[in-house]
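Top to bottom, those sequences are chains Y and L. Count the first sequence with this note's numbering and you get residues 1 to 558, in order. Count the second sequence with this note's numbering and you get residues 1 to 367, in order.
None of these hints come from the bench; they were simulated from the model.
Chain L stretches covered by chain Y per the calculated footprint, using a threshold of three residues with CB under 8 Å from any CB of chain Y:
#	stretch
1	60-74
2	90-96
3	187-197
4	231-245
5	251-264
Below, computed lysine to aspartate or glutamate pairings styled on EDC-like, alpha-carbon distance capped at 16 Å:
#	chain 1	residue 1	chain 2	residue 2
6	L	K287	L	E109
7	L	K88	Y	D417
8	Y	K410	L	E290
9	L	K122	L	E138
10	L	K42	Y	D417
The beta carbon of each residue, even a glycine, is placed where N, CA and C say it ideally should be.
Each chain is listed here by its residues.
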Amino acid sequence: MRARSRRPLGPLAWGFAAAIPVLFVGVFFLWPVIALVATGLTSGGQLDLGGIPEVLGLERSWRVLQNTLVQASLATVVAILLGVPAAYVLYRLEFRGRAVLRALLTVPFVLPAVVVGVAFTALFGPGGALYWLGLDRSLVVVVLALAFFNVTVVARTVGGYWAQLDSRQGQAARTLGAGPVRVFCTVTLPALGPALASAGALVFLFCATSFGVVLILGGREFANIETEVYRLTVQFLDLRSAAVLSLVQFAIVALALIVSALLRSRNERAQEVRVEVRAPRRTDAPVLAVFGVTVLLLHVLPIGALVWRSLQGPRGVGISFANYRALFDPPERSPLHGSVVDAALLSFGIACVATLIAVTLGMLVSLIVSRRPRSAALRRGIAVYDAAIMLPLGISAVTLGFGLLLTMHKPLGIGFDLRTSVVLIPIAQALVALPLVVRTLTPVLRSIDPRTREAAMMLGASPLRVLRTIDFALLGRSAGLALGFAFAVSLGEFGATAFLVRPDAQTLPVAIAALVGSPDPASYGMALAASVVLGAIAAGIMVVAERWRVDSGVGGSW
Amino acid sequence: MRTRARSYTSAALIALPLAAMLALTGCAGGQDSSAEDGDSAKVTLVVHDSFVDGDEFSQLASAATGYDVEVLTAGDGGQLANKLVLTKGAPIADAFFGVDNTLASRLIENDVALPVPASLLKGDGLLLATELDAESAESGSVPLVPVDRGATCVNIDTAWFAEKGIAEPETLDDLADPAYKDLTVLLDPTASSTGASFMIATIAAFGEDGFVDYWKRLEANGARTVQGWTEAYNTEFTGVSETGTRPIVVSYSTSPAFTVNDVESASNTRALLDTCSQQVEYAGVLKGSENPDGARAVVEYLLSEEFQSGIADNMYMYPVDEDVELPASWAKFAPLPESGQTHDLPAAEIQAGLDGWLRTLGDAVGL
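Looking at chain L on its own, in the form it has when it is part of the complex (with noise of 0.2 Å):
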């Protein structure tokens, strides 16, 4: 027995080393370039977790744009905008990507980009980039570059109303009405960012004094609230879920089109589109970066047409790029809301007031 188990031990401590050798050699393959400082063929591009295959787009933007173009990952997108502003100065990359309208002014608050020319944006990405900074536009450079943009919107089970024979709603209003009382599922907007921005819905609706009024109602109407979209989509919502007993529940414009039956000839869940707030995501080149010009290739290849058409299959998001076609899918269950129908506020405004209105509103229905 003893000898049996020292064998054991000596074969795992000569094992163990050798393959600590092999999964660092493993690993180190893809890092050999980052060792050599200052390449200026070199790029890196920081993205949240849910870029598109990183791989794939190294080479295709590598490709695209001359660069040797190497993707890393910073957690969520709250987690990558606070990295960049922490980092200011000595940046983790050249580039960025992915960080939305919500926090979108704390990048420009903190100077972490460097401007690019707006001619590098056309129609509703140059729109969509005047909107968030008007000033810089007008003089000819924008310091974000809007690359897709989605929407969070009140999601329903259209089979369960049908079933239940009860009409379906339609507005943020309609969901603090007795007729759909114990039936709607709300996420946490402290905790969850696309309950935030759903929170940012109810404010443009509401207004800064209203709002909290609403949640109250909801509330009251026996809305329940949770932490996270998983939850809330995955085991609280009817539309999915065998356990679930919700019809109601906050999400995405795009979510019905994951919800088709097998030969995509219909959903049973639609999105609410009068109750829709909108996500845009924005990338940009770093400040301080040693490959500016590098930098650059590559947000101008976020936005050619290469890249513009995998953006609905990859990230679930819509291209910022109108000419760019959506799969057939999106375009019958999942479009996207109009741009008046939607209720958004200003970046600036929501970088000024966010904090305020999440700890006013958990204050008062104690989230």
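Excised from the complex, chain Y in its bound form (with noise of 0.2 Å):
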């Protein structure tokens, strides 16, 4: 047994491991998204392309395109500005509390569009607190919700990355006498930079195929290219039109791709790991300031209006509990199956699922991803791997629910029909969690020095060994982190799981869907409430996720 194992992990251990996540992505992805752009390119069995210059003619087309590309370029850099200053917080200074400030603003992510188009319109619309500001229905308040969602991406990459920063080159410059400012610009910035690209490679991918938030808050005038073929799909069913601008949205995707995979290469050498945190100094208050009046600004108050709602009683009247305590006991007129508590339930059972999937195959593509083979095909290989696993990021999710429905019907020979199963909503939450599972764990196990691995090998350690004891034990320590994302993404998703058929049970975002669409106004404060639940359970897992992780430096970087 002992000497079976020296021998080198062959390549077949190797194309078996990448095998497997390929499949899936391709099965639950690839296949059903193809399968409804064909069909929207065809006519009379018959491929008909016409729809392409048709559709690129209209003036409409190019708004559209042109609105996505404004609004995920200025909210890219909103998240930037207002994300370096929070990465600096919350990954280079050590106070009571960080762990949970991280877990909080990680939040936005989980919480359902319909739910965060409220909280914005009740802070910027009539009546709200900032409706002096003048800017309801403007591009500022959509450009404002999407930075709301990806501050947080920003931190995240960015500070896993400078807490990783050896920080004597910025020590050296300050003893020359250097300004703190001038060492920010000319030895932190430039070292930051492959994080900072990448971080808005990321963030431009999110927002320009973002949709509840742009379809709530931007409406037709800011609509994008992904409210666009939901309207076109949904409304229409003018497969033609959205199978085009789906084309369109996927060469937008794989463009950010492409220019992420490009930086990032750059970003993940491996590097010695230093941890150097410290207690904030007075030097540290404006970024400070800048930090406290994002929290506030674009956390703490839209989050705020939505807990302070959710308290309100009947008619917005007084203090009271009472939407609190329909979760448990649904009101006689519920429009729900069972209780918010049920479906609270089934959510977690169903993410339970979805993150075993999306971790386990996850860690398949990051031992993969994290390789670097000498030859440069094989090396070019990968990163085209990498790219496809990341694409089902860009894929709108009505395309994807409409495409299942297209081949999941007995599938592959199995005498079953998927579409209509239950199986089917772990699966597709896995997808959408399984790039960020990915981004997660990649950077960890690429930090890993390759001597390292060589050392153990010529001391004569098998190569699975070597995997044991290297890489899944560093993997162990931001497994935590990954469940964690992979657990709140999979319970906050809404748009893949309402665009599938789903035997009779609601999952908690798409009960809350229903109640906020329920006529009785009753509906709506119990749509609040379970909002709030939803992103204090999320908070909670992610609270516990940053806990698990005992290196506050490796890791967690998207």
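Mind assembling these two chains? They're in different frames, but the hints should get you there.
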């Protein structure tokens, strides 16, 4: 046994490990999406590309494309400007409650878009605390809401990297008389460059494919490609135009992924980890101020507005816990099947399965994409592989949902209609979570100096043993965070779930949507309370996940 | 520190698959029978998200029909209709419920439903089915079966008007009157099905050539257009929200029944019954169903007194069976507009014109 395991881990084993995620993404993502786009681009069994020039010739298509690019670019800039101070505070400074604060900033990531829309409208709309700013229904609010989701992405990506940055260079510059601003601009910022660029590409991707927030806050005026595909599909059943716009979106996504991959490869060099955090000093005051304003304006106010409204009694009078009581004991005229607690339990179960799938596949993918084979062709192959696994980030939920309908009727010879099975829900959610898991785990593995592995091999360790003692040991440290993310994302996932055919059962976000759409105003209060609960559960999970991580310097960057 | 973390990790790695297994078996519990394909005792009904409690429905419908009835949900009414069209030939269920009159023609045009005997229907149900497809109805079968109905109506906050001493508006034209400047909230018909229903009312009232002009007048009179009904009704409308600023909103004829006071003696809102458009929701048997007999039995159950009497409380719609008693508060505060009073268009006309109207209106008023 022993002697056998000493043989190098064969290409066969790696090939097998690489094939599983590919098969998963291929069957449950690429096939459905291609099937739907193909349906749109054929008529009577004949390929019909006439739709492409026709749709691209419409002035509206260009406006939608322009909206997409403008919103995503602006939101990326805002997220970076506000995310860098947040990264500094959350990853370079040591203070009580840091882990909780990090976790809380992740909450926006899982809040249903309709709730975020309500929160921002409650703030900037008529009667809202910030109505006097005159920003209601403006591009600014759309961009702020997108940034609301993504500041944490920047803070995590840049923060995780910053925490590992060797600070001796900066200290040397200080001793030579450079001021803190100068040190930041000339030493730190260039060093952070790759992480910033990588985070920027990811945020751009998230914003360019944002659906719910743009639909609700943007309306027709600020519609992006994603919401336009939704309207063309669901409102007009115009699969032809939808397919063309899906292709355009696909091109944007692919471009963003390529840029992101290029920048990342510069980013994740093997490096010695030096964690240097310290207590805040007086010189940190400006940064702390920016961070404070960010958190207050972008997070505390909208979420506060949400919590406040959830605590109001019927017709917005007085404070009451009636909405929360109704979560356990649904009122007579409840539009829900069962109580909100039932929905939460179902969500919990589904999230467990989705997390299991996402983390298992994510670990396989990370192990593969973190290798640096000598052959240039293999390295390129790995880069393509990495990008392919990220693709699910960039396709609209409605395209995926309708595509699954076309393909999952007794697929691959199984005698079972998968289209209407509950199994499809965790699968779809795992697709959404997989890229985030990969982005959380991969940097950790890439930070392992290949020489460590070589040394271990030299000393007689078998490849499996190397994997176990080096790769898995490190993975274990950030596995908690990956688990937490996957779980929180799947718990809050709405788009893909909503577009599937579901056995009669509601996940928490779907239940919230049902409550929000119910003509009974009392249901609206319940929806707000349920959203607060969803956010609280997600925050709780992230707090645990943050605690789990031993070494705050390693991993956790997207 | 390190060992602690590792034991946490391993605990999680053990606990997670366990939890997943439990969850899977838990979820699969209700799904067991779906594995047995072609089982003639099983019927699936696909519905929209606003359907009644599915578990309870399954039990009652199973008991009433003798079949094992299962419920699937497929998104809102629009998504449901499109999914049925996309899966034509390999249907996702045996029967469906919840496609309304704006999209009914899409199903008929694509030949998605299997006609059922018109003899299942009586009274208003038969009338509505005949309106939808007169030819079939005369030949003794109907493709789609009307199950319930409602109406999209402009709602007003009567308390607000009383307090300000302004006369309440009554008609569509009133909304364009300067007396009601900046008071109205509309719904973007390209984003909201309720909004589309109201647009149809304006087309029925002002004609295909006149409705755009009417919307322009509304816009000039300061009407605000939002994306969804929730935002309009729950945050913009003074009738239910403290922060709301506008006392006129597009909603449903049933809405006033939800704004009654605690003792249900009065409601502070009212639906303007001269501004309504009728909404009818249909059910049917899907072509290609493996169990058409069972599917027909389920559709028949949807028309039974047992099911019809629960519609008002569970789905906020009026049962199509006019003999069924409505909740007391509905009879008082949420009457259904008379059929001659509403602004309606035939389903086929809606199907033919909807896309064009939405695009024209969108371009004209810049929604």
